[in-house]
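K.L.:
Okay, here's what each chain looks like letter by letter:
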Amino acid sequence: MKKLATVLAIFVLASIATAQEATGTAGASSALVDGLKAIGAGLALGLGAIGTGIAQGRIGAAAAGVTAERPEKFGQMLIWFVIPETLVIFGFVGLFLLR
Amino acid sequence: MADDYGYINGRIRILRTELLPQRTLEELSASSSYPEFLRQLSETALAEDLRETTAQGSGLPELDAALSRNFHRIARKVFSFTDGEPKGEIGVLLAKWDLTNLKTLGRGLMKGRSSETIGEAFIPGGTLALPLLQAASTATDVLSAAQTLSVGGGPLARVFRDAAQAFTSSNDPMDFEVALDQGYYRYALSTVKTAGLRRYLSREIDVRNALSARQLRGAANPGRFFVPGGSLLEGDFIRLASGDASVSNAELAPVLEAATLEEADLASRRLLDHAASSAATSDALGPGLAADFLRKKETEIASLRLIARGKFYNVPQEGIRRELGYV
Numbered sequence: 001m002k003k004l005a006t007v008l009a010i011f012v013l014a015s016i017a018t019a020q021e022a023t024g025t026a027g028a029s030s031a032l033v034d035g036l037k038a039i040g041a042g043l044a045l046g047l048g049a050i051g052t053g054i055a056q057g058r059i060g061a062a063a064a065g066v067t068a069e070r071p072e073k074f075g076q077m078l079i080w081f082v083i084p085e086t087l088v089i090f091g092f093v094g095l096f097l098l099r
Numbered sequence: 001m002a003d004d005y006g007y008i009n010g011r012i013r014i015l016r017t018e019l020l021p022q023r024t025l026e027e028l029s030a031s032s033s034y035p036e037f038l039r040q041l042s043e044t045a046l047a048e049d050l051r052e053t054t055a056q057g058s059g060l061p062e063l064d065a066a067l068s069r070n071f072h073r074i075a076r077k078v079f080s081f082t083d084g085e086p087k088g089e090i091g092v093l094l095a096k097w098d099l100t101n102l103k104t105l106g107r108g109l110m111k112g113r114s115s116e117t118i119g120e121a122f123i124p125g126g127t128l129a130l131p132l133l134q135a136a137s138t139a140t141d142v143l144s145a146a147q148t149l150s151v152g153g154g155p156l157a158r159v160f161r162d163a164a165q166a167f168t169s170s171n172d173p174m175d176f177e178v179a180l181d182q183g184y185y186r187y188a189l190s191t192v193k194t195a196g197l198r199r200y201l202s203r204e205i206d207v208r209n210a211l212s213a214r215q216l217r218g219a220a221n222p223g224r225f226f227v228p229g230g231s232l233l234e235g236d237f238i239r240l241a242s243g244d245a246s247v248s249n250a251e252l253a254p255v256l257e258a259a260t261l262e263e264a265d266l267a268s269r270r271l272l273d274h275a276a277s278s279a280a281t282s283d284a285l286g287p288g289l290a291a292d293f294l295r296k297k298e299t300e301i302a303s304l305r306l307i308a309r310g311k312f313y314n315v316p317q318e319g320i321r322r323e324l325g326y327v
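The listed protein sequences derive, respectively, from chains A and B. If you count by the numbering used here, then the first sequence holds residues 1 to 99, one letter each, in order. If you count by the numbering used here, then the second sequence holds residues 1 to 327, one letter each, in order.
Don't read these hints as lab results, they were simulated from the structure. We put the beta carbon where it would ideally sit given N, CA and C, even for glycine.
One-sided and incomplete, this derived list gives chain A residues near chain B with beta-carbon spacing under 8 Å: (1) 61; (2) 63; (3) 65; (4) 66; (5) 68.
Derived CB-CB ranges, DEER-like: (6) A:78 - B:21: 27 to 33 Å; (7) A:83 - B:315: 49 to 55 Å; (8) B:45 - A:76: 16 to 22 Å.
Turn these sequences into a full structure, and let the hints guide you.
P.N.:
Take a look at the structure:
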């Protein structure tokens with residue numbers, strides 16, 4: 001849990017850094033809005049990726065176990081393994097909507 | 001913790017699909033003869049271990065050896081894909097057969113049996129190497145055997161040494177076996193951290209105490225045979241051993257109130273089967289699944305031995321079903 005909080009903090013800081021970069025090019029009035037959008041976009045993709053990582057870690061371990069016993073189950077396990085990727089896709093959608 | 005068992009439980013779930021379903025066991029018990037039973041059995045997942053059982057002149061000893069080989073292979077396989085903390089927890093489950101083998105060793109040495117006779121009675125499947133147990137069986141007494149086991153015998157070697165000392169001071173074989181049980185469960189509860197598996201072990205201790213209390217009714221000083229670690233307290237155990245069958249834990253009532261020892265044994269097996277199934281359901285991401293699988297595998301092998309004997313000696317199907325607990 002501690003590790004997860006650290007990773008999350010890094011992502012938030014990275015998002016803020018991106019936001020600060022954005023303020024350099026935007027006008028003074030829209031700087032705050034652009035910055036918040038960039039933070040939101042970063043969080044949408046970053047949190048989605050973290051969730052996917054956690055889910056795929058567990059599913060991957062179980063899928064590796066199943067495939068070790070029954071190699072013919074590889075295809076079925078691959079489908080289960082990629083299902084959490086939808087979280088990143090949703091994050092991407094969020095990112096593009098905010099850009 | 002959950003991540004540690006993802007890979008292990010994935011493999012165990014697949015191994016579980018290879019266990020013989022009850023329908024197959026019923027069909028085997030309904031087979032017309034022993035050769036027919038062997039033919040049907042050779043069509044199951046156990047086929048690869050059964051090659052020698054169909055040879056000319058082979059009988060029950062060959063089948064027993066084949067079933068032991070199958071159990072040993074599966075138990076070693078489960079142990080081989082564990083590492084770190086899960087290795088300790090699953091090792092505790094496999095050490096149950098070490099405990100049985102150490103009791104066999106102790107009984108054999110106390111009765112002056114030959115090392116060959118003792119060696120034939122060992123059940124392969126535990127964590128102790130069979131050559132080590134066989135070397136210990138050549139000792140002249142339990143204390144010498146404890147010295148042999150101290151080289152590579154792990155935590156149960158210390159338990160065996162303490163039990164051997166308990167036997168030497170009282171000369172009572174019961175003290176030896178109780179000390180072994182107490183030592184094993186002490187080691188098991190100190191190793192296992194997962195709540196689900198601890199609950200299962202606690203139920204095992206309760207069942208063991210309930211069966212002991214039944215057998216000790218009327219015995220003097222029954223408190224020394226109590227194994228701590230379960231939900232039953234020593235006071236309850238002494239009360240049960242004095243003849244009182246009422247117990248606060250209602251699930252133990254079928255064991256305590258059974259009319260015969262066979263019925264009590266059957267009730268205790270059902271209770272432990274249920275506890276293992278509950279552990280697998282409630283602890284699906286932990287060692288509960290392994291506990292349930294190993295128990296089901298043990299039951300499968302025991303059932304096949306029973307059916308084989310029934311078929312070999314032409315016991316009626318109803319008799320076999322009764323022994324299996326289906327009636």
